[in-house]
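The listed protein sequences correspond, in order, to chains A and B. Mind the numbering: the first sequence is residues 6 to 426 in the working numbering, read in order. Mind the numbering: the second sequence is residues 6 to 426 in the working numbering, read in order.
Treat the hints as calculated values from the structure; they're not laboratory data. Accuracy of the hints is not assured; some may be wrong.
For chains that are exact copies, the list does not tell them apart, and a pair is met inside one copy or across any two.
[Stated by the list, open to error] Pairs of lysine-lysine residues, derived as DSS-like cross-links and limited to a Cα-Cα distance of at most 25 Å, are as follows:
| no. | residue 1 | residue 2 |
| --- | --- | --- |
| 1 | Lys31 | Lys175 |
| 2 | Lys309 | Lys97 |
| 3 | Lys385 | Lys281 |
| 4 | Lys281 | Lys130 |
There are 2 protein chains.
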Amino acid sequence: MDLKSLSKPELQSRYEELKKRYDDYKSLSLNLNMARGKPGADQLDLSNDMLDPALLDGFRACDGTEIRNYGVLDGIPECKALFAAILGVPEKNIIIFGNASLTIMYDYIAQCMIFGAGDGPWAGKKIKFLCPVPGYDRHFAILEHFGIEMINIPIGPEGPDMDMIDEYIKDESVKGIICVPMYSNPTGVSFSENTILRFASLKPAAKDFRVIWDNAYCVHHFAKSRDRFYNIFEYAEKYGTQDFFIEVTSTSKISFPGAGVSALAASDANIEAIKKRMTVQTIGYDKINQLRHAAYFTNADGIKAHMEKHAAILKPKFDSVLNGLEKNLAGKGIAKWTKPSGGYFVSLDVLPGCAKRTVQLCKEAGVTLTGAGATFPYGKDPLDSNIRIAPTFPSADELKKAVEILCLCAELAATEKLLNE
Amino acid sequence: MDLKSLSKPELQSRYEELKKRYDDYKSLSLNLNMARGKPGADQLDLSNDMLDPALLDGFRACDGTEIRNYGVLDGIPECKALFAAILGVPEKNIIIFGNASLTIMYDYIAQCMIFGAGDGPWAGKKIKFLCPVPGYDRHFAILEHFGIEMINIPIGPEGPDMDMIDEYIKDESVKGIICVPMYSNPTGVSFSENTILRFASLKPAAKDFRVIWDNAYCVHHFAKSRDRFYNIFEYAEKYGTQDFFIEVTSTSKISFPGAGVSALAASDANIEAIKKRMTVQTIGYDKINQLRHAAYFTNADGIKAHMEKHAAILKPKFDSVLNGLEKNLAGKGIAKWTKPSGGYFVSLDVLPGCAKRTVQLCKEAGVTLTGAGATFPYGKDPLDSNIRIAPTFPSADELKKAVEILCLCAELAATEKLLNE
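Taking the hints into account, I'd like the entire structure generated from these sequences.
What follows is the structure, given as structure tokens:
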């Protein structure tokens, strides 16, 4: 039954029915949370053995480096090799950082602001970035922090609207794009090969154009049908655009979110510029943690096997969300949602104008969601439609109930809206 | 025998004697290193038990925080408490960072460049910093990187020349000072209470004046007569100058140099401004490592006991250096040196004009020292006199030989110079 086809009296009666169920939930004083893209405790347990000091045998990296002492700016060889294998780039194009790829991105943009990316400092100039939406709020926070103007680029099933991007980058003040190319936050969309080709062949007016290529979920499959990983540098080399791309990733959702290892992949020229800054910023990052990771995972196959253990925990949770959405919202003409094969989120679009109200209704019924609008620059969803669902942290039982309530609230908000039209 | 009192023929004969001994050393093809302020392997071993996962019992901080997952911007309570106890400030005025206080300082100056410290961004303006000399090359590298003009302020037995500082800070473009107040790198000088008072009562023209107070060695005593620790914030509060001070420290030379924990202490207003930036830059630093440190050291007494173990290793090394200098250079009128009670360095002043030559002679005889000039801004020692000696990394035997050769080279360089006068 499409709600939009109902008469006002029918809608009113549906509204009252929903409202009664909603009030019943409210009286339960629930406290459920689908806001945070955090692994659950059972996922964290998967990596506990990494903390065994036996892995650090002799405290030596494979090249003999004493890992407890100062030194090694760009990471120990075996840790660079691990990320090189995951991202498909040579080890010389990898730098290992601290526990957060967010910091790598922040620091890179800060570097562009103060020193530029080959065409003078960005500070003091009008700088614009293209932001595929819905996207990751912390990306937008970095750009807003530095006063960079953000322009929304809609994401479709194959990735961002590349025609729109081609048009915008004719403007020299458009200095870059920030995006998640695989299992994108929050849509779960992975860029198609065609989209990858379009990125690789971009012809921006700005000489110092940069794409922050946040491959946070590049090994984070949970479904049997996995999206394909495309190595952007392989494509970019064909067009000589490799300097455009700053790729980052981390083990935050492989080992421990607070205590993992992050990495950057970039062209020779960019690696050189970044290392030049790093020699001033640090003597080197935590090599004990680097060896812990390299010794525990060994290689890309080790990572793959480990991610299958995560998948076994995550798949039922995503199924629970998707089944709940299907059961409660399908056919009502008031919502659509993504069905990802990996990553950490499901993206739900409710009836335009109803996202804020849905999130508010949920909150009042004890279900916390990411704030409506958070998936857009400046926290402003132009359609007030998108809601990010994070299924990983709650237990299966909590999740089931939380999704039921979310669907109820989405429908309630929609009927309210339709009644007022 | 003061070399400067010798006649030319006497000098010539002394030169030939030294030269012969030098050539003998050279033929040994030695490879000794006194360049690096790195703990030795025996010091690193002192903290190995910290890697025992049993310390991480239940993976919970004292407030229940799951340390393996995301969250906690400013550090877990017990780690903040540890640094609060060391520095004598309230926990609310502490932020825990990653493995390097160098990065805290870099990031703070970067923040001043882009956003300022309350009086507009520093970028694009003429900015000057006062640099007590001899000092730490990595401090100077940060300032130089950001295009900040550095002005030398000589350090005496009580700390920097405060009259000179009072004079310079009348200039509004002088925005700060960077210094090591205790067991300073490389002099080993600790600021006297009078110097601390002078710092606390500074009256700079710049409203956004900042003192980077790098307390890297605040618990790093090795002699029985320990220098006193003065809490700068206690003094600053009397004058209302607490916003001037950004204090940093770390466990780099307590636990592991590459894998320690660093911390910042600052006024309420500065903590607020720094946290505002941090919320964009990171979700939080490595809490597993924070708990590892807090659980292993427990409190300030635990740190003190641990530092005594370091002292037992370091004292003989410093004695060896000081005895060697005394035995080979005393009374010759060509050198003076500091006799620190803590820290990581001995500062040697050779005959003006002879530091570069001494370091070069050492290098050719297989003894690596920190480059002459490195202890001054822009790598330029105006007198070409200062040499930093780092006694901690070599073994006792290596050290003894290295100091002998250093003394020989200093005297050789001096005789060369005196012969050419």
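Comparing the hints with the structure gives:
no.	hint	in the structure
1	Lys31 to Lys175	neither (52 Å within a copy, 64 Å between copies)
2	Lys309 to Lys97	within (23 Å within a copy, 42 Å between copies)
3	Lys385 to Lys281	between (37 Å within a copy, 21 Å between copies)
4	Lys281 to Lys130	both (24 Å within a copy, 23 Å between copies)
Violation of the numbered hints given earlier is confined to hint 1; every other hint is satisfied by the structure.
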